[in-house]
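Full structure from sequences and hints, please.
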Amino acid sequence: MGESEGGPKSTASQRAFKQARPEIQKLLKEILQAERQVQHMRRRDGIHEDILTIIKTHIR
Amino acid sequence: MIIEKIVVEDFRQFRGKQELIFSTLKGKNVTVVHAENGFGKTALLNALLWGFYGHEGLTEDFEHPDRILHEDVARKSRDANATEARVTILFRDDESRYSLTRSLSLAQQKLNAKQTILHLKVTRDGETFTEESPQRRIDTLMPRGIRDFLFFNGERIDHLAMAQNSELITQAIYQVLGLNLLRTTAADLRHPSVRGELNRRLREHSDQDARALIDKHAASEAEVARIKESIETCANERKAVEGEIRTIDAKLETNKEAHALQTERRGLEERQSSQNTALQELDIRIAQTIAADAYGVFAKGLVTRGKEIVQRLRSEGKIPARVLNSFLHELLEAHRCICGTGLPEGSDQFKEVQKLLTIAGDQNFNNAVGALDNAIGVIEGGVDRTISTLQNQRAQRVQLRQELRRLGERLEEIHEKLGSKDDDAVTALETKRQDLQLKLREHDTSFGSLQEQLKAAEKVRDDLLKQVHEVKLKEGTAILAQRQLEAADEAAAILDRLLELEMSDLREVLNREIDSHFQKIIDREYWAELSDQFVLRIKKRLGSGETSDVIDVAQSTGQRQVTSLVFIASLVSLARQRAELPTILKGLDGGEYPMVMDSPFGQLGDAFRQGVAKWIPTLAPQVIVFVSSSQYKGPVQEQLDEGGRVGRRYLLAYHGPSKRDEAASEIKIGTQRFKQYSKSDVEFTEIRSVELS
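Chains as they are written, first to last, in our numbering: chain F, 1 to 60; chain B, 1 to 693.
It should be emphasised that the hints constitute simulated quantities derived from the structure, not laboratory data.
Hints may contain errors.
[What the hints assert, rightly or not] With a cut-off of at most 30 angstroms between alpha-carbon atoms, the simulated DSSO-like pairs for lysine-lysine come out as follows:
{"#": "1", "chain 1": "F", "residue 1": "Lys-56", "chain 2": "B", "residue 2": "Lys-472"}
{"#": "2", "chain 1": "F", "residue 1": "Lys-29", "chain 2": "B", "residue 2": "Lys-466"}
{"#": "3", "chain 1": "F", "residue 1": "Lys-56", "chain 2": "B", "residue 2": "Lys-675"}
{"#": "4", "chain 1": "F", "residue 1": "Lys-56", "chain 2": "B", "residue 2": "Lys-459"}
{"#": "5", "chain 1": "B", "residue 1": "Lys-474", "chain 2": "F", "residue 2": "Lys-56"}
{"#": "6", "chain 1": "B", "residue 1": "Lys-472", "chain 2": "F", "residue 2": "Lys-26"}
{"#": "7", "chain 1": "B", "residue 1": "Lys-466", "chain 2": "F", "residue 2": "Lys-18"}
{"#": "8", "chain 1": "B", "residue 1": "Lys-459", "chain 2": "F", "residue 2": "Lys-26"}
[Stated by the list, open to error] Label pairs and their calculated CB-CB ranges:
{"#": "9", "chain 1": "B", "residue 1": "Arg-211", "chain 2": "F", "residue 2": "Arg-21", "range": "39 to 49 angstroms"}
{"#": "10", "chain 1": "B", "residue 1": "Lys-114", "chain 2": "F", "residue 2": "Gln-33", "range": "31 to 41 angstroms"}
{"#": "11", "chain 1": "F", "residue 1": "Arg-21", "chain 2": "B", "residue 2": "Lys-539", "range": "38 to 48 angstroms"}
{"#": "12", "chain 1": "B", "residue 1": "Ser-133", "chain 2": "F", "residue 2": "Gln-33", "range": "54 to 64 angstroms"}
{"#": "13", "chain 1": "B", "residue 1": "Arg-200", "chain 2": "F", "residue 2": "Gln-33", "range": "46 to 56 angstroms"}
{"#": "14", "chain 1": "F", "residue 1": "Gln-33", "chain 2": "B", "residue 2": "Glu-642", "range": "50 to 60 angstroms"}
{"#": "15", "chain 1": "F", "residue 1": "Arg-21", "chain 2": "B", "residue 2": "Lys-432", "range": "55 to 65 angstroms"}
Glycine included, C-beta positions come from ideal geometry on N, C-alpha and C.
This is how it looks when you write it as structure tokens:
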């Protein structure tokens with residue numbers, strides 16, 4: 001996510017992200033990272049399993 | 001990305017091995033390919049697309065996409081495995097140089113022309129290696145979603161500026177600016193393999209009541225999905241009906257009896273469509289004016305009363321206060337006047353100062369009345385402005401409705417005339433057209449009612465989801481499953497919100513870009529922008545000062561083509577600046593893309609041609625233009641040649657048994673003449689470099 005999250009020059013979306021619960025922020029960052037790895041692939045096998053694992057690891 | 005060279009070998013009508021080197025000079029970034037219609041412009045555009053994306057990349061107007069190999073070469077082949085079509089493209093991106101080769105053997109073409117062989121070599125820091133996943137690499141460099149905006153037929157892009165295609169605009173923004181990541185992630189979080197799995201676990205460990213609630217929510221979700229599917233079916237059916245109407249229109253237009261009336265009808269219907277959209281948008285603006293400013297009109301009584309109160313307080317000397325009560329309290333507490341006289345409690349002096357408290361004012365009160373006075377002034381001033389704006393908008397509305405009525409009446413007359421022609425073919429077509437128009441109306445009604453159903457069903461689903469999140473569970477596993485499900489739902493909802501906010505921010509940036517491009521081509525009193533609903537519009541200001549208002553200008557096909565071109569150019573420009581754009585996604589690289597345009601001047605009048613030709617070199621770091629001689633002559637030639645931005649120039653020379661009547665055997669470029677057609681038994685196109693002296 002953006003460098004200036006929540007800072008004086010932050011965008012509306014950065015501010016909205018900052019308002020989310022820290023737990024969800026962390027979860028989103030990890031899921032987005034996993035998505036980034038496969039975003040240009042035609043076959044995205046395994047991404048759903050990866051997301052499930054991330055959720056189960058973070059939300060305990 | 002900058003494309004340096006393409007080599008085609010027995011690809012379609014390009015027989016043998018032929019090459020075309022693109023200009024890569026910054027100051028002369030335009031490569032012009034001259035070709036008459038039917039001489040190979042579309043094939044060359046498709047050679048580039050096939051090279052990058054294979055069969056999937058080919059454009060819709062590329063006929064027989066399963067016949068890639070040159071027909072004569074294929075016919076004479078003695079070894080189907082050794083005979084192949086091949087396209088090699090050399091390009092660079094950032095610090096890397098690439099060489100891609102895609103090939104298709106005759107044997108494979110007979111089996112399945114979609115299965116091609118792709119090799120990609122990358123040279124970086126002096127080292128060359130073969131890319132293991134070549135297609136993936138190419139898709140990363142130039143995502144498929146944006147290829148339609150980088151390689152396009154200029155005569156077919158005007159649809160981007162049509163209201164019904166706003167989804168295409170949104171898609172393009174998602175693609176070019178990297179926002180697809182947010183959307184895909186939200187969709188993945190809601191996927192049956194993710195949300196469905198979490199839901200299944202929750203259900204498994206829940207008690208009976210919670211399970212019933214979960215099932216109810218699942219049913220509501222299924223209902224939402226069912227309605228969405230119906231909406232899609234309805235939209236597809238509508239499209240099919242529209243297609244049938246277009247076919248009938250084309251037949252009527254070629255019929256001598258119906259030609260004039262049908263041509264007029266086409267123009268009127270285009271106008272009707274754009275004015276209907278303008279009316280819808282005007283209604284939104286009227287609603288916005290009322291919501292934001294109309295309170296002043298209704299608050300007139302309150303304003304008058306407020307003014308009277310303030311005036312009375314002034315006349316009574318209460319505002320501004322001559323002396324502040326806080327100051328008097330300080331003196332009384334200190335038992336000393338500012339002149340140094342003592343103020344012992346109960347003394348006459350003490351009582352005198354105490355008496356002053358009856359006329360003293362409060363600082364906060366002073367401030368509040370000042371602010372109220374100011375607010376009353378603002379509201380009062382705003383009332384006249386609001387009334388005037390609303391009057392203007394109402395006048396526009398009346399005008400639009402009158403025009404729509406006139407258009408409707410004339411369309412009805414045309415229908416009457418065509419329906420009562422003596423020609424049986426015309427009347428049959430007109431009757432069929434009328435039936436289809438009724439079908440369209442039925443679809444529109446169904447569509448509206450489905451939208452309402454969807455809204456209601458989504459509300460039920462959301463309420464049930466809230467209950468599922470809040471249900472009190474006893475078992476530890478169930479509580480954990482509930483938390484995980486809630487987290488997935490929350491994360492997906494946040495992504496939806498982020499996407500919405502990002503799009504709103506980007507719309508502003510994109511609008512600035514669109515307008516700056518637009519101003520280079522068109523009159524200053526007009527400007528272009530993306531509406532809140534992501535529709536490309538040309539706007540004009542009516543009147544001046546505070547009472548002026550903005551109206552939508554109905555666009556002709558040529559204007560829509562310009563607006564669409566401007567939009568694409570703005571996207572390409574933003575893609576270049578992507579790394580600096582304020583966005584929540586970090587690590588987005590700026591992408592430089594070339595623009596490859598077939599016939600960008602096709603539907604434009606002379607006034608636009610000149611503007612577009614002047615502006616084209618600034619569109620992208622590299623611009624490749626395919627033009628016919630009729631499109632090139634006059635203003636286009638003047639602008640492109642005089643601007644000195646054409647770095648390289650080619651000509652597609654056609655060899656074949658015959659040519660189209662309208663194509664000349666020679667083409668004049670600058671002051672020179674070049675042969676572009678030669679009679680030959682075998683059909684092929686030759687790529688010739690043109691050097692102007």
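Consistency of the hints with the structure:
1. A C-alpha spacing of about 20 angstroms is found between Lys-56(F) and Lys-472(B), which places the hinted pair at or below 30 angstroms, so the restraint holds.
2. A C-alpha spacing of about 24 angstroms is found between Lys-29(F) and Lys-466(B), which places the hinted pair at or below 30 angstroms, so the restraint holds.
3. Taken as a hint, the Lys-56(F) and Lys-675(B) pair is broken in the structure, with Cα atoms around 71 angstroms apart against an allowance of 30 angstroms.
4. Straight-line distance between C-alpha atoms of Lys-56(F) and Lys-459(B) comes to about 29 angstroms, which keeps the hinted pair within the 30 angstroms bound.
5. Taken as a hint, the Lys-474(B) and Lys-56(F) pair is honoured in the structure, with Cα atoms around 20 angstroms apart against an allowance of 30 angstroms.
6. For a cut-off of 30 angstroms, the pair hint linking Lys-472(B) to Lys-26(F) stands: about 26 angstroms separates their Cα positions.
7. Distance hint between Lys-466(B) and Lys-18(F) is fulfilled; the C-alpha atoms sit about 22 angstroms from each other, no more than 30 angstroms.
8. For the given pair, Lys-459(B) sits about 29 angstroms from Lys-26(F) by alpha-carbon distance, which is consistent with the 30 angstroms threshold.
9. Checking the proposed 39 to 49 angstroms range against Arg-211(B) and Arg-21(F) shows it is violated: the Cβ atoms sit about 27 angstroms from each other.
10. Roughly 34 angstroms separates the CB atoms of Lys-114(B) and Gln-33(F), a value that falls within the hinted 31 to 41 angstroms.
11. Here the CB-CB span from Arg-21(F) to Lys-539(B) is close to 42 angstroms, well matched to the stated 38 to 48 angstroms.
12. Evaluation of the 54 to 64 angstroms hint for Ser-133(B) and Gln-33(F) yields a failure: the beta carbon distance comes to about 20 angstroms.
13. Checking the proposed 46 to 56 angstroms range against Arg-200(B) and Gln-33(F) shows it is violated: the Cβ atoms sit about 26 angstroms from each other.
14. Between Gln-33(F) and Glu-642(B) the beta carbon distance is about 52 angstroms. The supplied range of 50 to 60 angstroms therefore holds.
15. The hinted window of 55 to 65 angstroms between Arg-21(F) and Lys-432(B) holds, with their beta carbons roughly 60 angstroms apart.
Of the numbered hints listed earlier, those contradicted by the structure are 3, 9, 12 and 13.
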